[in-house]
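A.B. asks: Protein chains in written order, with the numbering used here: chain P, 1 to 344; chain G, 345 to 717; chain L, 718 to 950.
Treat the hints with care, since some could be wrong.
[Said to hold, decoys possible] Quick list of simulated restraints, FRET-style, between CB atoms:
#1 L:K803 with G:A359: 34 to 42 Å
#2 G:A362 with L:F731: 36 to 44 Å
#3 L:A858 with G:G666: 34 to 42 Å
#4 G:R709 with L:K803: 50 to 58 Å
#5 L:S864 with P:R192: 49 to 57 Å
#6 L:G838 with P:D68: 45 to 53 Å
#7 L:D903 with P:E120: 27 to 35 Å
#8 P:E197 with L:K803: 53 to 61 Å
[Claimed, not checked] A short list of chain L residues far from chain G (calculated; beta carbon distances all over 12 Å):
#9 G726
#10 D733
#11 P759
#12 G780
#13 R781
#14 G786
#15 D848
#16 D896
#17 D922
I should point out that these hints are in silico values taken from the structure, not numbers from a laboratory.
Note that the coordinates shown come from a computational prediction; the quantities given were computed from them, not determined experimentally.
For each residue, glycine too, the CB sits at the ideal point set by N, CA and C.
As a plain string of letters, each chain reads:
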Amino acid sequence: MSVQPGVESVAALRKQLPELVERVNEKFRVDERFECGPIPCELAVTVEDLQYRFGRTLLAGYEFGLPDWLAPEFVGLVGPVMARGARAEFPRAMLDAWLVALRTTLPSATGDELALPLAELRAGLPGQWPADEPASLAGDAGEFFRLIRERRRREAAAFLARRAGGGDPSSLFDELVVPALARVGELWARNRLSAAEEHGATEVCRYAVLRVLDSVEPGPRTGVRALVACAPGEEHELGAEMVAGLVELAGGEVFFIGRSAPEAEIVAAARRFEPAVALLSSTTVATLPGLRDLARALRAALPDLRLVAGGSAAVLARARLAADCDRVVRTAAEGQTAVLELAR
Amino acid sequence: MRRHIALRMLAHDRATTAGAVLGVVAIIFLVGQQLAVLNGLFTYMSVLVDHSGADIWITSEGTDNINSAGDLPTRYVDRLIGLDDIAWAEPVVSGAGFLKRKDAQFQPVRVVGVRPPRMAGGPWDYEVGDNSVLLDHDAVTVDWLDRRELGDPEIGDVLEINGQRCRVAAFTRGARGFSGTLVFTNEKKAREVGGVPDDRCSSILVKLRPGANPAAALARIRSLLPRAAATPTPELSANTRLFYVTQTGIGSSFGFSTLIGVVVGVVIIILTMYATVLNRQRDFAVFRALGARRRDIRVIVLYQALFIGFIGILLGFFLLAGFLFGTSGSRLPSFMPLWIPPVHALLTLGLCVVGSALAIRRAVRIEPASAFR
Amino acid sequence: MEPVIRLEGVARDFWDGVRRRRVLQPTDLEFWPGELTVLAGPSGSGKTTLLTIMGLVLAPSAGRVWVAGEEVTGLSEDALATVRLKRFGFVFQSAGLVPALSALDNALAGRSIQSDRVAPGLRERALELFDELGIADYARAMPTQLSGGQQQRVAIARALLGEPAVLLCDEPTSALDVDSSRVVLDTLKRLARDPKRGVVLVTHDPRVFPYADRLVKIEDGRIASDTKDKAEG
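Next comes chain P alone, as it looks inside the complex (with noise of 0.2 Å):
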């Protein structure tokens, strides 16, 4: 990314929004007349609703300045369209409404500068969607994979259970499990995978994992109360309960509250719990905003709350949500390992 919109230009941006994403909206709603024909049905709430995911995610993107953020946020968001039949010219057009949206709704400096990446963006769109096949799994993670693809979950709660072998199966979840999940994830965004199939793969992972966790014998009691939680917005919790369960493996009393909950609510549950650590996950860019502002809610709560902030889009984030948390953790092993630090 070359340019980093000013902090004048993000305000501007959270500001106007909600008009900048109507406007794309109306955009659309006159190009798929015209220009992209029409968007696959089943995609037609999605197309709308993309839009409000892509304008949260380019605010949160030029809020925490993150670097090389952009394409792979976008393509995330387009590729699973593009897999489902819209037109190849819809990122072209969704860019180009953006860009006009952009334009006409802020003042022009304003605009240009928050728009210079996404004509650079626009400027470097692959030509085809997917651009590329992602790498099959092998081994260990192919097999689990292959049977959470299936929907065994017997099976694959006993392959999981057999490489834990009765020891803590951090290690598992981040050579196993986390890469088993993107695949899934990947083969979704592809339409390999209905989101009926993700869904059903998603839930027999999650019943495997929470087997394997049953499976060990947890620690001693050790008195660490943590509270886990998806930040507001964010619907991928399975990185979050697998360092849930991990920390109560270790001894810890844990209150996991899941994706997605709003942030009074989450902030009510942890007056009440009084938690020494909390751990809060975002995997989409998006939601950092959310993550951040529950950190410092959270903060202003229980001043003497130690913070830690997981997953793949809060490690982007790390240099910036360094000041709001205590730590940024990319692991599940990680993420057990400072909540127990910190509880200290």
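We have chain P; now place chains G and L onto it with these hints.
C.D. replies: Same frame as chain P, but now just chains G and L:
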């Protein structure tokens, strides 16, 4: 399409179009009417000459118009009839007089006496009666149109001219002079009334034999009558008219009125057409922007000018015909020679084109960019 | 692909009565077929000046102009008029119909202004366009009998009759209500889908922006932004 556009624009701006048409009508009618009256007067000026039936007129030396001719020796008649080329020569006696009307008022008249039996130089058209009535000693003719002026005399009424007894014997038609009411009588009566001695006459009418060489005859006459003027009839007629036009105020008066008619008409045309272009600036700008060249704009305005001219000329001539019809047989002299209307129409059309020049100038200067403002 | 219009260093000065004022700074721009380009900017920004220069209606004070690959810089006024007639369709703010002519005659006038007769088949083509634009019933109506939207569609029919390479529209919706404006914009957008034709639209009406394939923002006589990369075509 340019023609169609031009016509539709005219039809749309009816008021201004009507104004411009009015200008043309003014030119056609005012000028035409002036020309008709002037021509009518022309016929009166030389009426005696034109209807004499003579080829050559002998008048006193230095005569430039028949109405002011001096007198001649009557014996010249005898000299002339001796020439081979001459078929006949007849004296005309003319004198001024006052006719005493039935109501005892006096009216100046011009008495023209002609010699029986040929009666050359006499009346040429009668409402009532014929040349033979002038054989009677007292007989005089009065023009049908002059009756009221002369106190509504009836046939057989006895009147006095210069105290001499006269009897109205016939009514002529169109025998009206320019410098006074014409009363025809025989030579003898004219001498009595006008006090013209027997050895003098006003002019002598000469008719050449068929096949005679007019130029040779004229030269011969001139050598024979050194103290008189011998003039071919058409020349005398023209001289007479020219005299009145140049030597009296008639020419300048009619010329001025005609010029005013032209100026008023052209000014109306210029102003209304210019106003039309001003009112339609945006339309012209749109045409220019759409791809009209300057010449296309010129053509459109020119079509408008020609159309306005055409309609105005039609209307103007219609009015003029009404005027001519209304004045024919009236005391207002009007006469329209056939060559005048087409020339008048063409010149007026030319004026329309000239009148549109300013409008054209304005129209082609309209910037196409102004269509965007 | 060749740009329908290419401007190179085009600038325009105006004499404001006291001094020479540059209302359009030297500008390079290319307009492509198959695109609806919106020239947006506040009033007085120079966008209409740019449009009129592109439309060969106003001579630039400097720079060169190409239309459909042919340079037209320095052509005589009449030659430019002929290029306008053959290559451009104009849609003016408030339609710019001639009140004296019926809707059909207005449409025909655009193409037939250089001659006294209407080319064979043109009338039929105009009626087809009226039909396509949904104003077939109004061919004989006078402009004053038409709504703003209908007038603007007549103007579009007039602009299209010559099968122009470029349609230049100056604030075509500024005088229209929401529904009429939508119909007009839909029409222009549809026309811009033709790969042989470019549509350029000057406006500051935000209702137009969603229709833009490309947005060029003009401020203070300069291109402030352009959503299209110069390199691509």
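A.B. asks: Next step is simple, just say for each hint if it's right about the structure.
C.D. replies: Structure-based check of all given hints:
no., hint, verdict
1, L:K803 with G:A359: 34 to 42 Å, "37 Å, holds"
2, G:A362 with L:F731: 36 to 44 Å, "40 Å, holds"
3, L:A858 with G:G666: 34 to 42 Å, "40 Å, holds"
4, G:R709 with L:K803: 50 to 58 Å, "24 Å, violated"
5, L:S864 with P:R192: 49 to 57 Å, "53 Å, holds"
6, L:G838 with P:D68: 45 to 53 Å, "59 Å, violated"
7, L:D903 with P:E120: 27 to 35 Å, "32 Å, holds"
8, P:E197 with L:K803: 53 to 61 Å, "59 Å, holds"
9, G726, "20 Å, holds"
10, D733, "15 Å, holds"
11, P759, "16 Å, holds"
12, G780, "16 Å, holds"
13, R781, "19 Å, holds"
14, G786, "19 Å, holds"
15, D848, "21 Å, holds"
16, D896, "25 Å, holds"
17, D922, "16 Å, holds"
Of the numbered hints listed earlier, those contradicted by the structure are 4, 6.
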